[in-house]
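Could you build all of it, start to finish, from the sequences and the hints given here?
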Amino acid sequence: MNPLRLDSIQFSICKEQAELFEMAAKQGIDCDKFVEFYMNSNTAVGMDSEFDHSQWAGAGYLMEELEDDAGGLPRSDKIYDPEAMYWMGYLYRYWHFYTGESSKEIYKRIDAATMALIYPGYHTLDPQEAIDRLLEPLEG
1 MNPLRLDSIQ FSICKEQAEL FEMAAKQGID CDKFVEFYMN SNTAVGMDSE FDHSQWAGAG
61 YLMEELEDDA GGLPRSDKIY DPEAMYWMGY LYRYWHFYTG ESSKEIYKRI DAATMALIYP
121 GYHTLDPQEA IDRLLEPLEG
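In our numbering, the protein residues as written are 1 to 140.
Honestly, the hints are just simulated from the structure, not real lab data. All residues carry an ideal CB built from backbone N, CA and C; glycine is no exception. Hints are not guaranteed to be accurate.
[To be verified] Heads up, simulated BS3-like pairs for lysine-lysine below, C-alpha to C-alpha not over 30 Å straight-line: (1) Lys-33 with Lys-108; (2) Lys-104 with Lys-33; (3) Lys-15 with Lys-33; (4) Lys-78 with Lys-33; (5) Lys-26 with Lys-15; (6) Lys-108 with Lys-26; (7) Lys-78 with Lys-15; (8) Lys-108 with Lys-78; (9) Lys-104 with Lys-78; (10) Lys-26 with Lys-78; (11) Lys-26 with Lys-104.
[What the hints assert, rightly or not] Label-pair ranges, simulated between beta-carbon atoms: (12) Pro-3 with Glu-83: 21 to 31 Å; (13) Glu-67 with Pro-3: 36 to 46 Å; (14) Gly-28 with Asp-69: 27 to 37 Å; (15) Glu-129 with Glu-83: 17 to 27 Å; (16) Glu-136 with His-53: 30 to 40 Å; (17) Glu-64 with Asn-40: 14 to 24 Å; (18) Arg-75 with Glu-136: 31 to 41 Å; (19) Gly-71 with Asp-7: 29 to 39 Å; (20) Ser-102 with Ile-9: 24 to 34 Å.
The structure is reproduced here in structure tokens:
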């Protein structure tokens, strides 16, 4: 694919989602369940949109919205490192901008457990390179 250069708005949206994912880990929310719920939520649909209020609401507001929608997100000791969650949130959103796929489609390809597993080897890569590597075995 062609190289993607995020504009300032896209970068801010990636950062907002990254902060949301990091917040989930810091609050002790079961990370696998959080990511699955979020990536299939109406909140993620809003983040996928060309323009939606959720893109500017802030991580705290989005977390409250998700908690309400879920009737409470489950807490557990199944927590990933907050830095890994930050990377995961950023990469999932970047992926959307890069390929145009919805959050739901992206999650079907790569779930949270897989993202956590590859984090040590992929987090230092450029986001586009990481996504390209993840897509290779899926498309080949």
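- Item | Hint numbers contradicted by this structure | Violated: hints 14, 20.
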